[in-house]
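K.L.:
Produce the complete structure using the sequences and hints provided.
Single-letter residue listing:
There are 2 protein chains.
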Amino acid sequence: MIGRLNHVAIVVGDLEAEATRYRDVLGAAVSEPHALPDHGVRLVFVDLPNTRVELLTPFDKTSPIHAFLAKGGGLHHVCYEVEDIEASRDRLLASGLRVLGDGDPRIGAHGKPVLFLHPKDFAGTLIELQQA
Amino acid sequence: MIGRLNHVAIVVGDLEAEATRYRDVLGAAVSEPHALPDHGVRLVFVDLPNTRVELLTPFDKTSPIHAFLAKGGGLHHVCYEVEDIEASRDRLLASGLRVLGDGDPRIGAHGKPVLFLHPKDFAGTLIELQQA
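From first to last, the protein sequence lines stand for chains L and V.
In terms of our numbering, the first sequence is residues 268 to 399.
In terms of our numbering, the second sequence is residues 268 to 399.
Do not take every clue at face value.
Claimed, not checked - Only pairs whose alpha carbons sit at most 30 Å apart, straight line, appear in this in silico DSSO-like list of lysine-lysine:
1. V/K328 with L/K338
2. L/K387 with V/K387
3. V/K379 with L/K387
4. V/K387 with V/K338
5. L/K328 with L/K379
6. V/K328 with V/K338
7. L/K338 with V/K338
8. L/K338 with V/K379
9. V/K338 with L/K328
10. V/K387 with V/K328
11. L/K338 with L/K328
12. L/K387 with V/K338
13. V/K387 with L/K328
14. L/K328 with L/K387
15. V/K379 with V/K328
16. L/K338 with L/K387
Derived by calculation from the structure, the hints in this document are not laboratory data.
P.N.:
Next up, the structure:
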């Protein structure tokens, strides 16, 4: 069911400082910051040869990652691609696993349908599924 | 400097249960468990088309990931490949960043030289560098 690792998301407090560190010290290809107010984040993309790292910071205090940053931030979630998000959801639910929210995929930060799986079902790891 | 994302490491309590969940529910290609007593872990490899996820559990209570699991486990580190581990270390040190341990690369779980960077220098994220 799961395919490529689409991205790893890391929550940081100072987006510009972290972007500079990835660009200048780690020598990575880092995008300019993007604001996604509807998702409550500002982010940069770190393009690696085989996948992407996303550095996220809260857009404001209503951000879904605000509490995570307040606890220290760091590695936040992994996103796996799936061919068919609704079939994937049905398979997960049939296995007794939980998806966050009302179970309907919503349009994620990349303009594609996404779902988040309950971290308690995966040993504390937040997993995003994104339609490929 | 950094190249491919070599792997994402996730610390779990019940390795067999998590491996089964990744195999049977997420439909991923999961290896049999490997014990690496010298590194203090048992692990399985989840092979995705573009990278790998490693599910790790402590080998025993002296494991370097024992305390992390006691705090809940979950996403533990990301590993980026570099062409020349010693040149990478020198560049990091020249930029005022810290590497863990004595600064000499040691042989990692994949038989290649690795270094870990100080999480406080990367907003709480533990980064492993592995010679490609």
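K.L.:
Is the Cα-Cα distance between V/K328 and V/K338 30 Å or less?
P.N.:
holds, 14 Å
K.L.:
Given the hinted pair L/K338 and L/K328, is their Cα-Cα distance within 30 Å?
P.N.:
holds, 14 Å
K.L.:
Mind checking the alpha carbons of V/K338 and L/K328 for me, to see if they're no more than 30 Å apart?
P.N.:
Roughly 26 Å between the alpha carbons, so the hint for V/K338 and L/K328 holds.
K.L.:
Straight-line Cα separation of L/K387 and V/K387 no greater than 30 Å?
P.N.:
holds, 27 Å
K.L.:
Hey, L/K387 versus V/K338, does the alpha-carbon distance stay inside 30 Å?
P.N.:
Holds. L/K387 to V/K338 sits at ~14 Å (cutoff 30 Å).
K.L.:
Hinted pair, alpha-carbon criterion (30 Å max): L/K328, L/K387. Please report holds or violated.
P.N.:
holds, 25 Å
K.L.:
What's the verdict on V/K387 and V/K338, does the C-alpha distance respect the 30 Å limit or exceed it?
P.N.:
The hint holds at about 18 Å.
K.L.:
Can the restraint linking V/K379 and V/K328 be considered satisfied, given a maximum Cα separation of 30 Å?
P.N.:
Given that 30 Å is the threshold and the Cα spacing comes to 25 Å, the pair holds.
K.L.:
Next pair to validate is L/K338 with V/K338; report whether the Cα-Cα distance is within 30 Å.
P.N.:
Holds - the C-alpha atoms of V/K338 and L/K338 are around 13 Å apart, at most 30 Å.
K.L.:
For the pair supplied as a hint, L/K328 and L/K379, is the alpha-carbon distance within the 30 Å limit?
P.N.:
holds, 25 Å
K.L.:
Given the hint that V/K379 pairs with L/K387, does the C-alpha gap stay at or below 30 Å?
P.N.:
violated, 34 Å
K.L.:
Is the straight-line distance between the alpha-carbon of L/K338 and that of L/K387 30 Å or less?
P.N.:
holds, 18 Å
Against the hints set out earlier in the document, violations occur for numbers 3 and 8.
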